[in-house]
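Trainee: Make a model of the complete structure from these sequences and hints.
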Amino acid sequence: MSFSIDHLLQGFATALSLQNLLWALIGCFIGTLVGVLPGIGPASGIAILLPLTTVLPPTSAIIMMAAIYYGAMYGGSTTAIVVNIPGEASSVPTAIDGYEMAKQGKAGPALAICAISSFVAGTLGLVGLTFFAPLLADVAVVFGPPEYFALMFMALTLIISLSGRALLKGVISMALGLTTALIGQDPLTGAARLTFGFPKLLAGIDFISVIVGLFAISEVMVNVEQRISAISQKITHWMPSWADIKQCTMPMLRSTAVGFFLGLLPGVTPSVTTFVAYDLEKRISKTPERFGKGAIEGVAAPEGANNATSTAGFVPLFSFGIPTAPSMAVLLGGLMMYGLQPGPMLFKENPEFVWAVIASMYIGNVMLIVLNLPLVGMWARICVIPFYILGPLIIFFSVLGTYSIRFLAYDVWVMLLFGGVGYFMRKFGFPIAPMVLATVIAQMMETSLGQSMLMSQGSPLILFTRPIAAVFMGLAFLSIGRGIWLQVRYKPPEVALEETD
Amino acid sequence: MKRIVVGTIVLLAVVTIAWAGAASAADFPKKRITYNICFNPGGESDITARIQEQALKKFLGTDVAIQYKIGGGGALCWSELVQTAPDGYTIAGHNLPHTILQPMEMGDAGYKTLDLKQIYMFESTPNVLMVRKDSPFKTLKDFVEYAKKNPPGVVTVGGSGTSSANDLGTAMLNKAAGIKLTYVPFGGTGSAVPALLGNHVTALMSYSPMVVQYRDKFHFLAIASEKRMDIIPDVPTFKELGYDIVEGAYRGVAAPPGTPDAIVKILADAFDKTMKDPEVKKKMDQNGFKTEFMGPEASLALVKKKTVEYEAIMKELGRIKK
Chain A
1 MSFSIDHLLQ GFATALSLQN LLWALIGCFI GTLVGVLPGI GPASGIAILL PLTTVLPPTS
61 AIIMMAAIYY GAMYGGSTTA IVVNIPGEAS SVPTAIDGYE MAKQGKAGPA LAICAISSFV
121 AGTLGLVGLT FFAPLLADVA VVFGPPEYFA LMFMALTLII SLSGRALLKG VISMALGLTT
181 ALIGQDPLTG AARLTFGFPK LLAGIDFISV IVGLFAISEV MVNVEQRISA ISQKITHWMP
241 SWADIKQCTM PMLRSTAVGF FLGLLPGVTP SVTTFVAYDL EKRISKTPER FGKGAIEGVA
301 APEGANNATS TAGFVPLFSF GIPTAPSMAV LLGGLMMYGL QPGPMLFKEN PEFVWAVIAS
361 MYIGNVMLIV LNLPLVGMWA RICVIPFYIL GPLIIFFSVL GTYSIRFLAY DVWVMLLFGG
421 VGYFMRKFGF PIAPMVLATV IAQMMETSLG QSMLMSQGSP LILFTRPIAA VFMGLAFLSI
481 GRGIWLQVRY KPPEVALEET D
Chain B
1 MKRIVVGTIV LLAVVTIAWA GAASAADFPK KRITYNICFN PGGESDITAR IQEQALKKFL
61 GTDVAIQYKI GGGGALCWSE LVQTAPDGYT IAGHNLPHTI LQPMEMGDAG YKTLDLKQIY
121 MFESTPNVLM VRKDSPFKTL KDFVEYAKKN PPGVVTVGGS GTSSANDLGT AMLNKAAGIK
181 LTYVPFGGTG SAVPALLGNH VTALMSYSPM VVQYRDKFHF LAIASEKRMD IIPDVPTFKE
241 LGYDIVEGAY RGVAAPPGTP DAIVKILADA FDKTMKDPEV KKKMDQNGFK TEFMGPEASL
301 ALVKKKTVEY EAIMKELGRI KK
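The listed protein sequences correspond, in order, to chains A and B. The opening residue of the first sequence carries number 1 in this note's numbering; numbering runs sequentially from there. The opening residue of the second sequence carries number 1 in this note's numbering; numbering runs sequentially from there.
Honestly, I wouldn't trust all of these hints.
Stated by the list, open to error - Interface residues of chain A toward chain B, partial, derived using beta-carbon atoms under 8 Å: (1) V141; (2) F143; (3) G144; (4) Q185; (5) P187; (6) T189; (7) A192; (8) P266; (9) Q443; (10) L454; (11) M455; (12) P460; (13) I462; (14) T465.
As the list claims (entries may be wrong) - Label-pair restraints from in silico Cβ distances: (15) B:L317 x A:A409: 41 to 47 Å; (16) A:I468 x B:K217: 18 to 24 Å; (17) B:K148 x A:I484: 46 to 52 Å; (18) A:L135 x B:L317: 41 to 47 Å; (19) A:L135 x B:P233: 43 to 49 Å; (20) B:P260 x A:L168: 39 to 45 Å.
Hints in this document: simulated from the structure, not taken from any laboratory. Glycine residues also receive a C-beta, built at the ideal position from the N, C-alpha and C atoms.
Mentor: Quick look at the structure:
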């Protein structure tokens, strides 16, 4: 696939008609509303709203789908900041600092930085995509099972920085997450584990229920116990200051790079890259102790990585015709409606649709910032709603959202159970983020490990003899070593990152 | 007077409830149907569903939402299906031999073969053994000889799922050629292909549609069908190369056990019309699929027949106890 300015411009010409802009606007707005509902992320959002798009002509439909996708992503971040309910796993790091900012009356700047960072990352990502796609694709296939495992293992060592100074509690939290992910069927063979004979448990535990429970439900419980009157008493700032934006410039760029390059790998989702980007910023920062207490970079980084990863997901799609995530497959399905065959030939033979898609992703990006910056005020006001109204509303929407994942009451019970678990974790100072990260990457980590062991006939050396895998394993061990050294050296009290006042 | 009013209200209530409850096959489908795909996006199940999507919506008269439930070579998806409400609004793509072999091989796969209520069987794809274009193996003979000369573990073959057509195909080749290939399962063809592209496995035991898609990247050693396929005439069959291996996957859709027959019939008719739609047929052929047209009874008969066959094969291969 080669880049052609003609094609790109033509794509834009198509995408920029007044009618299409209107559809983009509607898509963004509806997408945001859907994304705000806990448990419903971009892929589900598109699936639910797909019927709407089928009445439209092809290009408009694709534009609307892209807009819905971006909107849903933004909606998930909105609730993460305003009420500490991440819309999906990728919004979890955003919630860490974003919610703290909201409590300090700074929900406005947080939301705005979200939109801005997403826009910057999305734009840069698209540029990377259009100019470098063929080169990048070859990078992606270099990752085989051992490399994936090493990457995931390194991601787990991130819990060290997410745990603040309470390393042991962070590790326990991670272990809890891994165990939860084990329940159900082995991803390679399908053998049942930890189900204790209950057929219901075979379906495993949907991690959305876990996240919503751990964050939303437990938060409500804690707030009720503390008898707070509202999440924040007063909105102190509506928009970020120029100083804020300047402070976030480098984090935005770095997180875009991280999110984009990791996102090239099939299977690496925004859920993973947002954590990595957050951790990177924390390590690089000259004032890391601000993270977890409302550092604006802590919001900018995950949001940038989020969008960059989503954009990077197009590279395997273009070069091999392999959609690497359900949302990609939905978009591909949209293309297929117009008689196109998926596969590597697709993009050689039908470049005009490809460029229309790229142009529409860009439009979605722009729409988002145009639409949402003005609405920041509206979303921010949610924080000052008296809690006796907001609390029950949160529970209502959590139940609704969780139920709508698979229409199983079982998921709602799981959510409530983890609400209780989350409550106790908070009471005893256990950080929640490591548990979430572990749950998210467990399946891929286990699958990769299984495959790697088959490839090496059971020898773990395969992880160290292959260059890329060895590098990641090395980084992982360095991280572990440093974490242990810090603990031993400073003997701090067991204080977790997210402990609230 | 009061009694009459109350009585009428109660009567109306009872009739309404009864009517609502009984409104099953009469006006099915009323809302969106969820079509679960049990493997990674980009694989055969996914590609087929995308080809079917539009026509299916037309013939069912309602929306079809495609969702993914990946893991365990499909076992995750099917074990979830058998616990879903049997109202016809959730169906899942299913594969033979996977749904026969998994309960057979694993103590508890989460479902039993006959629990899956057959709706329709719409395609079959023979196994194809493939390597990269730049690999040293030009013929099956080269490949087998190399495998014989090297210890197990050197030659790895990737494929979709465990206890699946790819898995079985590799096992059958092992037995027929007297070699020990190491099978590495992936979540689906969609994730197995990058593994070969990146040279992480020596070969893939995959399906015919991949021949069409990856014509310019891969080299195809043999196909496990009775005769060569028209769309890919230059790929020799295992049979003509001396190995009596005919194996591949049948794909269809299934519903949870207990789904009313009337509803199954409506779904089956929709799929039948879909597969006979000229646009769908054209795309299926172009993509290397062999279309099948088996309704509920024919599918069930096929499942039962294959179960007997596979039991014998699996015992011979030593994968299940005799």
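Trainee: What hint numbers does the structure not satisfy?
Mentor: 12, 13, 14, 19, 20
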